[in-house]
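First to last, the protein sequences are chains A and B. Okay, so the first sequence: first residue is 5 according to the numbering used here, each after it adds one. Okay, so the second sequence: first residue is 5 according to the numbering used here, each after it adds one.
Read the hints as simulated data drawn from the structure, not as lab findings. A couple of the hints might just be wrong.
[As the list claims (entries may be wrong)] With a cut-off of at most 30 Å between alpha-carbon atoms, the simulated DSSO-like pairs for lysine-lysine come out as follows:
1) A/K166 x B/K295
2) B/K201 x B/K190
3) A/K163 x B/K295
4) A/K201 x A/K166
5) B/K166 x A/K166
6) B/K45 x A/K295
There are 2 protein chains.
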Amino acid sequence: MPSVLRVLSFGLGPIGLAAARLVLQKTSLQLVGAVDADPAKAGKDLAELLGREEPTGIVVAGDGAAALQQLRPDVMLHCTQSYLPLVKEQLLAAIRAGADVVSSTEELLAPELQHALLAKELDEAATAAGVSVLGTGVNPGFAMDFLAVVASAVTADVKAVKCLRVVDAATRRQPLQKKIGAGLAKGEFQQQVATGKFGHVGMRESVALVARGLDLRVDRIEQTVEPVLAPEDHKTPFLTVKEGQVAGLRNHGYGYVGKQAVVHLDLSMYVGAPDPRDEIQLEGTPSVHMKFVGGIPGDEATAAILVNSLHGVAAAAPGLRSVLDIAPPRLCR
Amino acid sequence: MPSVLRVLSFGLGPIGLAAARLVLQKTSLQLVGAVDADPAKAGKDLAELLGREEPTGIVVAGDGAAALQQLRPDVMLHCTQSYLPLVKEQLLAAIRAGADVVSSTEELLAPELQHALLAKELDEAATAAGVSVLGTGVNPGFAMDFLAVVASAVTADVKAVKCLRVVDAATRRQPLQKKIGAGLAKGEFQQQVATGKFGHVGMRESVALVARGLDLRVDRIEQTVEPVLAPEDHKTPFLTVKEGQVAGLRNHGYGYVGKQAVVHLDLSMYVGAPDPRDEIQLEGTPSVHMKFVGGIPGDEATAAILVNSLHGVAAAAPGLRSVLDIAPPRLCR
Numbered sequence: 005m006p007s008v009l010r011v012l013s014f015g016l017g018p019i020g021l022a023a024a025r026l027v028l029q030k031t032s033l034q035l036v037g038a039v040d041a042d043p044a045k046a047g048k049d050l051a052e053l054l055g056r057e058e059p060t061g062i063v064v065a066g067d068g069a070a071a072l073q074q075l076r077p078d079v080m081l082h083c084t085q086s087y088l089p090l091v092k093e094q095l096l097a098a099i100r101a102g103a104d105v106v107s108s109t110e111e112l113l114a115p116e117l118q119h120a121l122l123a124k125e126l127d128e129a130a131t132a133a134g135v136s137v138l139g140t141g142v143n144p145g146f147a148m149d150f151l152a153v154v155a156s157a158v159t160a161d162v163k164a165v166k167c168l169r170v171v172d173a174a175t176r177r178q179p180l181q182k183k184i185g186a187g188l189a190k191g192e193f194q195q196q197v198a199t200g201k202f203g204h205v206g207m208r209e210s211v212a213l214v215a216r217g218l219d220l221r222v223d224r225i226e227q228t229v230e231p232v233l234a235p236e237d238h239k240t241p242f243l244t245v246k247e248g249q250v251a252g253l254r255n256h257g258y259g260y261v262g263k264q265a266v267v268h269l270d271l272s273m274y275v276g277a278p279d280p281r282d283e284i285q286l287e288g289t290p291s292v293h294m295k296f297v298g299g300i301p302g303d304e305a306t307a308a309i310l311v312n313s314l315h316g317v318a319a320a321a322p323g324l325r326s327v328l329d330i331a332p333p334r335l336c337r
Numbered sequence: 005m006p007s008v009l010r011v012l013s014f015g016l017g018p019i020g021l022a023a024a025r026l027v028l029q030k031t032s033l034q035l036v037g038a039v040d041a042d043p044a045k046a047g048k049d050l051a052e053l054l055g056r057e058e059p060t061g062i063v064v065a066g067d068g069a070a071a072l073q074q075l076r077p078d079v080m081l082h083c084t085q086s087y088l089p090l091v092k093e094q095l096l097a098a099i100r101a102g103a104d105v106v107s108s109t110e111e112l113l114a115p116e117l118q119h120a121l122l123a124k125e126l127d128e129a130a131t132a133a134g135v136s137v138l139g140t141g142v143n144p145g146f147a148m149d150f151l152a153v154v155a156s157a158v159t160a161d162v163k164a165v166k167c168l169r170v171v172d173a174a175t176r177r178q179p180l181q182k183k184i185g186a187g188l189a190k191g192e193f194q195q196q197v198a199t200g201k202f203g204h205v206g207m208r209e210s211v212a213l214v215a216r217g218l219d220l221r222v223d224r225i226e227q228t229v230e231p232v233l234a235p236e237d238h239k240t241p242f243l244t245v246k247e248g249q250v251a252g253l254r255n256h257g258y259g260y261v262g263k264q265a266v267v268h269l270d271l272s273m274y275v276g277a278p279d280p281r282d283e284i285q286l287e288g289t290p291s292v293h294m295k296f297v298g299g300i301p302g303d304e305a306t307a308a309i310l311v312n313s314l315h316g317v318a319a320a321a322p323g324l325r326s327v328l329d330i331a332p333p334r335l336c337r
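Construct the complete structure from the given sequences, taking the supplied hints into account.
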């Protein structure tokens, strides 16, 4: 792989912008382009979106496929949407332009789970083009799945996995506060959940990744999503949650072997959640208990792991890869 | 890679035997041979060394090179000695027989550090033979190095690394209790340290791996080894440490950039050490603090990570690999 990778940022929401900002700081990465479909962003110097005075010289393009063809980056840093079918054409555009891809699309963590045909199509296209495509992030991608698999390295047997993640959503970006329902009435929350396009995306994929990584032969994956109501008023930089309104959510994911939940992922994300933390417990021989004291730090960490995965995906064998198949991500300078 | 790997166990000390026992339990591994240079072991059915009644049908061979040539295993599980020059011929014998290697040889974690020429020779031989060679274990290989690199994935910058490991040596194998000096007088301990072949092996290699993984440009690696004296009598299954005798050791490793120790690894291994645990602290943006509550469990874990690395090394690109370059180890069934 080249020692300095030429990177194109596709998707300039809060995470995409944080990741692009980070790319600009790295000597082993060169930001060569930025893309966002939002007409309010296209045409501006990226500096404007980053809140910087000095121009970067990178003008935001609206047409991703054209920018990819023109700039031919080594790798696309992709932060647009959560659902794989919605980003299929963006991924194919990168593949056609010969660019590797690191993507925050949650369903891409374990794309075969809900989109087997599409995963096959992407894998074949990437393999034929000699590029690799990876979905990753903190959650899914690290906190509740990858770390459990890493922890299993020191065990002789694992019977059950429990991962706990508690996030104080007050410290997170606005879209996250909205997507967990902060400020909604309970009834509105339930209506949103019923749409199937609400809340944390990727819980099923995390369960699937853990099950595959530990070869747990899970035959059924389920999840539940419940609102957490605010015990008192809580103000964030973006909104106010009043007492009795929804502060956020609790999302359980389960992987079953018969009637037994051998994988249980327990995610709390709400405004004001106390004692933020990440914990992994593997019940086995021997049992292990791993912890991130204070939790893995939010949006900053998500931007970091995406950027820290760029060199790894550039070095990976072509095709649709998973975080279990390639060298572990690590700090990129 | 084949779905069931044919494994030869080379080295049948406590760790090698624990690893061989584990291989026998795995459906994705088949133990096809066992080797130990000790004449007291050669010729016996492996079951006898494992304390089992039923024979395994595997007779311990004394000549490793001959056994490798005859059995042509997919991979050699190598647990003999700590120092790379002492195991060079054993590794070359495996390479010549077309076998991948997973080894507990501590210096093989970062072989270029102290044996650059030998590392080059092994890399060239392995590459030419199309096999991969990996050094790993819990320490070095996981607790004080690999995990710090994994934790860095969620950081944008790391200025300094601190890893703490506290092991109650009373719970560990006899050779480990001996190698940390349990039961020696203080003066005897100091004499042993002066030989340079005493105590924990691999501290420098751990520092080197962290420095490489986080691209910390360390210009000097140092370590200190001090005895920890027993505050009271302590009996283990293998020996008794009297009050005032050496209970074990404290081993600090440092990686310097100029005058600043940017890597500090702090290892306590002594009989009766309270609050066993593993902790990783990365000082950076953001800082992270990772913990294994109760510590990574001893010799069991070392056997496990060696066995859990077999499929990964079989799938890796040929050559001398490091734990940073290949897919992370995970539970093998």
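Checklist entry - Does A/K166 pair with B/K295 here, judged by a C-alpha cut-off of 30 Å? => result holds, 16 Å
Checklist entry - Are the Cα positions of A/K163 and B/K295 separated by 30 Å at most? => result Roughly 22 Å between the alpha carbons, so the hint for A/K163 and B/K295 holds.
Checklist entry - If you draw a straight line from the CA of B/K166 to the CA of A/K166, is it 30 Å or shorter? => result Between B/K166 and A/K166 the Cα gap is close to 27 Å, so the pair holds against 30 Å.
Checklist entry - Straight-line Cα separation of B/K201 and B/K190 no greater than 30 Å? => result With Cα atoms ~17 Å apart, B/K201 and B/K190 stay inside 30 Å; holds.
Item to check | Hint consistency between A/K201 and A/K166 [alpha-carbon to alpha-carbon, up to 30 Å] | outcome: holds, 25 Å
Checklist entry - Keeping to a limit of 30 Å between CA atoms, is the pair of B/K45 and A/K295 held or broken? => result At roughly 42 Å apart (the allowed maximum being 30 Å), A/K295 and B/K45 break the hint.
Going through the hint list in order, the structure does not satisfy hint 6, though it satisfies all others.
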